[in-house]
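For the record, the sequence lines run as chains B and C. Under this note's numbering, the residue at position 8 of the first sequence is numbered 8, and the numbers go up by one with no gaps. If you want this note's numbering, it's the 1-based position in the second sequence plus 1000.
No wet-lab data here; the hints were simulated from the structure. Quantities reported herein were computed from a predicted structural model and do not represent experimental measurements. Each residue gets a CB set at the ideal place from its N, CA and C atoms; glycine is no exception. One or more of the hints may lead you astray.
[Said to hold, decoys possible] Here are the simulated EDC-like pairs of lysine to aspartate or glutamate, each with C-alpha atoms no more than 16 Å apart in a straight line:
| # | chain 1 | residue 1 | chain 2 | residue 2 |
| --- | --- | --- | --- | --- |
| 1 | C | Lys1049 | C | Glu1066 |
| 2 | C | Lys1100 | B | Glu59 |
| 3 | C | Lys1049 | C | Glu1064 |
| 4 | C | Lys1100 | B | Asp95 |
[Said to hold, decoys possible] Derived contacts from chain C toward chain B, CB cut-off under 7 Å, selection only:
| # | residue |
| --- | --- |
| 5 | Phe1034 |
| 6 | Pro1040 |
| 7 | Gln1042 |
| 8 | Leu1044 |
| 9 | Phe1103 |
| 10 | Gly1104 |
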Amino acid sequence: SQTIHQWPATLVQPVGSPLSLECTVEGTSNPNLYWYRQAAGRGLQLLFYSVGIGQISSEVPQNLSASRPQDRQFILSSKKLLLSDSGFYLCAWSDVPGGRTEAFFGQGTRLTVV
Amino acid sequence: AQSVTQLGSHVSVSEGALVLLRCNYSSSVPPYLFWYVQYPNQGLQLLLKYTSAATLVKGINGFEAEFKKSETSFHLTKPSAHMSDAAEYFCAVSDGGFQKLVFGTGTRLLVSP
Chain B
1 SQTIHQWPAT
11 LVQPVGSPLS
21 LECTVEGTSN
31 PNLYWYRQAA
41 GRGLQLLFYS
51 VGIGQISSEV
61 PQNLSASRPQ
71 DRQFILSSKK
81 LLLSDSGFYL
91 CAWSDVPGGR
101 TEAFFGQGTR
111 LTVV
Chain C
1001 AQSVTQLGSH
1011 VSVSEGALVL
1021 LRCNYSSSVP
1031 PYLFWYVQYP
1041 NQGLQLLLKY
1051 TSAATLVKGI
1061 NGFEAEFKKS
1071 ETSFHLTKPS
1081 AHMSDAAEYF
1091 CAVSDGGFQK
1101 LVFGTGTRLL
1111 VSP
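Next comes chain B alone, as it looks inside the complex (with noise of 0.2 Å):
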């Protein structure tokens, strides 16, 4: 069966340092890839998608980027982060590009800055 990995769980980082969140992908091959933000009361928040290893789309230009190294590896980066970058961060995969199907979720980063 195929399962999600998203780590760490809880971080907490000072503003103006550099974020890297991992998420990887078991029991499948070529999965989509995204990266959610959710913020208090304001939903999910689609950041990047990835529909194969070094292809990134990004749907809201901000202080992040992310990266595919790997067929079933998804980094979440920045190089110096802002007190805005605070919130809960979900990984998902599906295995048809968009909404056809369901996506499937990490347990989230909590990233707190401080």
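Position chain C relative to chain B; hints supplied.
Quick look at chain C alone, frame taken from chain B:
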């Protein structure tokens, strides 16, 4: 472009009462619709999905939702609330093509004894 509106950021019910969480969507093509549940500090779990088959969709944990095209709605219901149902619920829509899932802002369900 698709969009989703969830009416009510918080819904409170008593244990054993009917649960009704509202979702209205906007889509220029027949939509794909989903309900997810999120427990505190966890990811989202799929409750049920509508993909143009039966309009009444049954999901996990006794939840169901009915697709009503004329009302552009996909409300989530459960006949009898349980304490363990307390969580945040998200409705999502897609046009089924290579478009992202668009999520609503969520409804927090509170269940009192």
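Evaluated hints:
This hinted pair checks out: lysine 1049 of chain C and glutamate 1066 of chain C have alpha carbons roughly 10 Å apart, not beyond 16 Å. Between lysine 1100 of chain C and glutamate 59 of chain B the CA atoms are separated by roughly 10 Å; this keeps the pair inside 16 Å, and the hint holds. Between lysine 1049 of chain C and glutamate 1064 of chain C the CA atoms are separated by roughly 9 Å; this keeps the pair inside 16 Å, and the hint holds. Of the pairs offered as hints, the one joining lysine 1100 of chain C and aspartate 95 of chain B holds, with about 13 Å between alpha carbons and a cut-off of 16 Å not exceeded.
Given the 7 Å rule on beta carbons, the hint for phenylalanine 1034 of chain C holds: about 6 Å separates it from the nearest Cβ of chain B. A distance limit of 7 Å between C-beta atoms decides the matter here; for proline 1040 of chain C the minimum to chain B is near 10 Å, and the interface restraint is violated. Interface hint at glutamine 1042 of chain C: satisfied, since its Cβ lies 6 Å from the closest Cβ of chain B, which is below the 7 Å cut-off. A distance limit of 7 Å between C-beta atoms decides the matter here; for leucine 1044 of chain C the minimum to chain B is near 4 Å, and the interface restraint holds.
Hint on phenylalanine 1103 of chain C holds. Least Cβ distance to chain B is approximately 4 Å, under the 7 Å limit. With its C-beta approaching chain B no nearer than about 6 Å, glycine 1104 of chain C sits inside the 7 Å limit, and its interface hint holds.
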